[in-house]
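J.: Listed here are the chains, written in short residue letters.
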Amino acid sequence: MGNNLYLVGVGGQGVVRLGQIIAAYAIEDGQKVRLFKKVGMAQRGGPTLCEIRIGEVSGSRIPPLSADLVVAMELAESVKALEYVKPGGNVILNKSRVYPIHIMTHPEKYPGEEVIEDLFQKTGAKPIWIDAKKIASEISLPIAENIVMLGAITLLSSFDKELMIEVLKKNVPRQIEKNISAFLAGYEIAEGTQI
Amino acid sequence: MIKLLTGNEAVALGAIEAGVDVVAGYPGTPSTEVMLNLMAKRKELGIHMEWSVNEKVAFEIAAGAAWVGKRALVTMKMSGLNVAADSISAIAYSGCTGGLVIFVADDPGTSAGMVEQDSRYYAKSMIIPMLDLASQQECLDYMKIAFDISEAIKGPVMLRSTTDISHVASLVDINGQTGRENKKREAHFERNIPKYTKAASAWCMAQHQDALNRLTYALDTIESKNYNKKYRINEIHFEPDSKYGVIYGGAVQGNLLEVLNRYNIKVNTLKIGMVHPLPENLIKEFLENKNIEKILVLEELDPIIESEIYRIAFLLNKKVEIIGKLNNALHYTGSYSFALVKEALEVLLDSDFNNQDKDLEELMPILEEAQDLIVARPTSFCSGCPHRGTYYALNTAIKNLKYKKDDIIVHGDIGCTILGMNKPFESCWTEVAMGASIGMAQGFKWGGIEKPVIAAIGDSTFFHAGIPPLINAVHQNAHVCIIILDNWWTAMTGFEENPGTVHLKETDTKRVDLVNICKGCGVEKIDVIDPYEPQKAIKVLEEAIKHPGVSVVVSRQECALQAQRRKVSLPKYRVDIEKCTGCQICLNQLACPEMVFHPKTEDHKAYMEISVDCFGCGLCQYTCPFGAIEVIEDGK
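As you go down the protein sequences, you meet chains E and Z in turn.
Position 75 of the first sequence, counted from 1, bears residue number 75 in my numbering, the numbering being contiguous throughout.
Position 81 of the second sequence, counted from 1, bears residue number 81 in my numbering, the numbering being contiguous throughout.
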């Protein structure tokens, strides 16, 4: 039924860019791919969604319980992906938080990591946590949060690491060395969770 | 060669390969990217393309070009089709000499608001052949076919997409394409009064008959050019051992094939790619198959194909059970998801495909729990958006005039303007259709609303359909206050140009000033305000609201996102933490995305911070009662 990747986040986090890179990888790898990106006011801090379907599929959207991999770039947005996790599927959660105004003034209304972990556990998934913002900042390329996630995605989806780096080079024209560092950092974290 | 293309990208490519000579359109989700993709190649192609003032004009541009023998394309969303309908219908009756394709995108599931209308009715009511797109590949192929059919029948052809086709990317085979067809077509128009005018009833009836004849030619053309075989426009598939049939059209194809494939189901199928005129012979052939006892009709929105299936089954005296909307098995609204198509097939086959539903059922309590955790992300204005200043000034003016917020009805309009309905402004009460705010406001006054009634409309929306109701207001001396939020761009759909745009790059278009339009329409009370200067803006708005007659206030400042692209640099602001009391007045009044509030902790008091991405509109400085917001860079 193909390889289905369900990506959520908020505008500005590079969710759609991430999806486009994965789609470019699939093409480079000689596979069929379909890409859905939610358009709308996501650009302005609204929720974003990107679905990548690799292989022999014909529908444009990932059916419930069918995502081989769920990726949340923003912590609270992850709950919107719960129903798509395939039994036995992987989940990668970024610790980054983007607060809308009512949360800024009442941060206690924002769900904590434990609550989210617990929810995913209940569905049978074991999320992998990444502090992509911290890692990207350490590489002094804070914008590369999504590329850190791409590293982890590459490992968990068993994508070819070298080929993905080639695709990255073609698709990320600026600061490529730092982007590759971000990518490798994400890859290694995911590797660490697999031991 | 294979390329990953969205439906809209493939439509644009199809038009280029068909050798289109003239293109016009008006932006609207989910159709906009067809033009955007074409516009990006305007210079390279060297053909005339334009974002027209509205869909009706855009269509007339395309139709005019087609009347002089050229291949012309017009693009719009479903709402735009309503605007253009008057001219489309008239041209459909007359026919044309060149190829004329009308691309329209419907939005089942309303990804972008507006009416969830089914544009297929228009094909029927205006007697125009319509191809309905079911895949991204078809976007490329059918655009070319549409031009061929149009030229063959000498009449317009409609190409209809939906969101799930237009906004999804899949691999499109562009093999065997020879690039842009470079056929030179001479501009020529023959004087033919009975064909090109409506000035006599006999001519009109003859035109009506001509239009009907063209429908038959369209089917003949598909047949003679062997398009069904080559491009699977209408395709029948018989499954010898199945008594079930599925008849479908449009975007639902993807999920249908996936369900059939996933659960290894074999049924008879009939795909309908030409939705008007329907391939009646194929439908008959399908219904006459003796094995078939039960049929599911899958089509998003209205039961247009389905009704015809009932009709043809009746004519054939065929006893068949039909599952669809007319027996309440499927709904009219929303797009048809995998789950919905699966359920429909379960009804058809009277069986459960697997126990996945049980898994979902078990998930339900968890999903309900998750529902409470969802963090709402209400859409508001972008950082630096001039509309923030306009609505802030408007709300303050209303307050200063001793009205409560609930006293004054503000009609919003299509585009970014309507975001004024959201918190913290909550200024707008209604949103109807392009330009409707100005007409509706007059109706409210004549209907007896005694307090001031206001219309708030964007620049592009005003150019599009706001001018006739403004003339009407002047003529009738209606006591309405019209605020034109002029940000120079058709911003909501992605910064397309409009007649008032000040271009970023060199252009050969001429700018039309909407202030002059208002004056020309006879408006006597007209003011221009700067939404970044609330003090002055509030005073002007107070006077305008009080004015006994038509008043127009043009609130003028470029869309901040475009101004940034133009490298406009304004003063930057910061918060003096000593003076900041953490009162949140600025945040509550403006909801600026660059404001970061830090609640009180053991280490520090509550305070506001302005992020480095501040555009510099300066409104926050105006709202701060403690003078805690100051300029740090002068912006020069």
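Take the hints with a grain of salt, since some may be wrong.
Just the calculated beta-carbon pair ranges, DEER-fashion [claimed, not checked]:
1) Z/569 to E/166: 33 to 41 Å
2) Z/371 to E/113: 17 to 25 Å
3) Z/314 to E/160: 57 to 65 Å
4) E/174 to Z/447: 43 to 51 Å
5) E/102 to Z/311: 47 to 55 Å
6) Z/42 to E/113: 47 to 55 Å
7) Z/320 to E/163: 27 to 35 Å
8) Z/320 to E/55: 52 to 60 Å
Hint data in this document are derived by calculation from the structure and do not stem from the laboratory.
From a predicted model like this one, the values you see are computed outputs, not experimental measurements.
Ideal Cβ positions, reconstructed from N, Cα and C, are used throughout, including at glycine.
J.: Give a verdict on every hint.
T.: Now for the hints, and whether the structure bears them out:
1. At about 39 Å, the CB distance of residue 569 of chain Z to residue 166 of chain E agrees with the hint of 33 to 41 Å.
2. The given range of 17 to 25 Å is respected by residue 371 of chain Z and residue 113 of chain E, whose C-beta atoms sit roughly 19 Å from each other.
3. A hinted range of 57 to 65 Å for the beta carbons of residue 314 of chain Z and residue 160 of chain E is consistent with their spacing of about 58 Å.
4. Checked against the given bound of 43 to 51 Å, the beta carbons of residue 174 of chain E and residue 447 of chain Z, roughly 58 Å apart, lie outside it.
5. The hint said 47 to 55 Å for the Cβ distance between residue 102 of chain E and residue 311 of chain Z, and at roughly 54 Å that hint holds.
6. At about 50 Å, the CB distance of residue 42 of chain Z to residue 113 of chain E agrees with the hint of 47 to 55 Å.
7. Under the hint 27 to 35 Å, the C-beta atoms of residue 320 of chain Z and residue 163 of chain E, about 52 Å apart, miss the expected range.
8. Taken as a hint, the range 52 to 60 Å is violated for the pair residue 320 of chain Z and residue 55 of chain E, whose Cβ atoms sit roughly 36 Å apart.
Checked against the numbered hints above, the structure violates hints 4, 7 and 8; every other hint is satisfied.
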